[in-house]
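S.K.: Each chain is listed here by its residues.
There are 2 protein chains.
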Amino acid sequence: MQHLSIQTIQSWERFYRANFVNCLSGFKAANLIGTVNAEGQPNLAIFSSVIHLGSDPALIGYINRPLAAAPHTIENIKATGVYTINHVSSTIVAKAHQTSAKYDQEINEFEAVGLATKFIHPIQAPFVEESEIKYALKLVEIVHITHNNTFLVIGEITDVFINESVVLEDGFIDLEKADSISCLGLDAYFTTNRIARYGYAKPDMPVKEL
Amino acid sequence: MQHLSIQTIQSWERFYRANFVNCLSGFKAANLIGTVNAEGQPNLAIFSSVIHLGSDPALIGYINRPLAAAPHTIENIKATGVYTINHVSSTIVAKAHQTSAKYDQEINEFEAVGLATKFIHPIQAPFVEESEIKYALKLVEIVHITHNNTFLVIGEITDVFINESVVLEDGFIDLEKADSISCLGLDAYFTTNRIARYGYAKPDMPVKEL
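If you read the protein sequences in the order shown, they are chains A and B. When we follow my numbering, the leftmost residue of the first sequence carries the number 1, and every step to the right adds one. When we follow my numbering, the leftmost residue of the second sequence carries the number 1001, and every step to the right adds one.
Just so you know, these hints were derived from the structure itself, not from any lab. Glycine included, C-beta positions come from ideal geometry on N, C-alpha and C. It cannot be assumed that every hint is accurate.
A few chain B residues that face chain A, going by a derived Cβ cut-off under 8 Å, partial list only [unchecked claim]:
#1 Asn1022
#2 Val1050
#3 Leu1059
#4 Lys1078
#5 Gln1105
#6 Asn1108
#7 Ile1145
#8 Val1160
#9 Val1167
#10 Phe1172
#11 Lys1177
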């Protein structure tokens, strides 16, 4: 096993370093965030940083890169207070990846990449028609992470749209049945195969497969 | 497609709701965080909330639940300023899950679940011997998320331990070759199958598979 010091990692060419460090945190969720600006112009962008913060209240976070690199999604959320999170499925993965291109503010990424916009009254932000699992959020707080000028955007779920057939009897969502995929690093996408579900762990009790 | 309002979700039994909301954010990374307290007592716990914050500086975050529910890892990090993140591989998944049991502070989870402790001088926090990819971090900041009393713990990578054979020529880490796995919700674990890697996206350029 090789030891890499942070001095070594810092000395690397920036794209090599970005690929490496992005993979260290492990597999991630692939989600499309839909917004509109104050004039109603839709925006859609892929994020691999959506994270569960809590179930009650139902809070979801995502990391927005510095404003100079990625202004549109966060500015739209600030302007309207509303956004949607839409699961990426294997059938739309290439289109979802293409939303990461730096389109100008006046470009509608839904149209640019070929995904269908779905507005669900009275929610102001657009959903991705093709996504099997999608939900709307209202902005709760934007936390500025000063060390690298990124932002933790915190939202509370207001409405979920899902096919009941993928929800198991204990509330677990069968994301494989819903065709939701995983991602890694800057550019890799994966289907999954379940190893197991395990019961709630207790000290002095052996692990029990569900 | 069914519409579930937040009022409906809030009305559910708490474990059903927790399973459901935990799955909504999508697939996650499975990681073990190793710490010691001020007396050198090791602690090991599984976290599904490790997240990439940036590559330069190399910042990694994780969400720590409220102190009353999960005090040991965050208190040890506060006390020592140092911790390790260790990938969960398919060969240790059941043991890794078992670290989520509420062991008393004086119990060493490495011993309780049967994982080997590895100290690498001069890093104060313990690594998981069995993990193919592991790294040490120094604490940078703990952000209190007031809305649900959780914490975003931010660390900077100081040292990475990895087998060179899983690092591709552009810095991407082949986590499938390293046997790192993905997880979902509170209790499900997955191997993965790569769909594709796509090139850096640009407007007016078709998506290109790498």
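S.K.: All hints, please: hold or fail.
M.R.: Results of checking the hints against the structure:
Because the smallest distance between the Cβ of B:Asn1022 and any Cβ of chain A comes to about 5 Å, under 8 Å, the interface hint for this residue holds. Because the closest C-beta pair between B:Val1050 and chain A is about 5 Å apart, less than 8 Å, the hint holds. A least Cβ separation of about 6 Å between B:Leu1059 and chain A falls short of the 8 Å threshold, and the interface hint therefore holds. For B:Lys1078, the shortest C-beta to C-beta distance to chain A is roughly 17 Å, which exceeds 8 Å, and the interface hint is violated.
A hinted interface residue such as B:Gln1105 counts as satisfied when its beta carbon comes closer than 8 Å to some beta carbon of chain A; here the least separation is about 12 Å, so the hint is violated. About 12 Å separates the beta-carbon of B:Asn1108 from the nearest beta-carbon of chain A, more than 8 Å, and the hint is not met. With its C-beta approaching chain A no nearer than about 7 Å, B:Ile1145 sits inside the 8 Å limit, and its interface hint holds. At its closest, the beta carbon of B:Val1160 sits 4 Å from a beta carbon of chain A; the interface hint therefore holds under the 8 Å criterion.
Of the supplied interface hints, the one on B:Val1167 holds, with its beta-carbon coming within about 7 Å of a beta-carbon of chain A, less than 8 Å. Checking B:Phe1172 against chain A: minimum C-beta separation of about 5 Å stays under 8 Å; hint holds. Restraint check, B:Lys1177 versus chain A: the minimum CB separation of about 12 Å is more than 8 Å; hint violated.
Violated hints for the displayed structure, listed by number in ascending order: 4, 5, 6 and 11.
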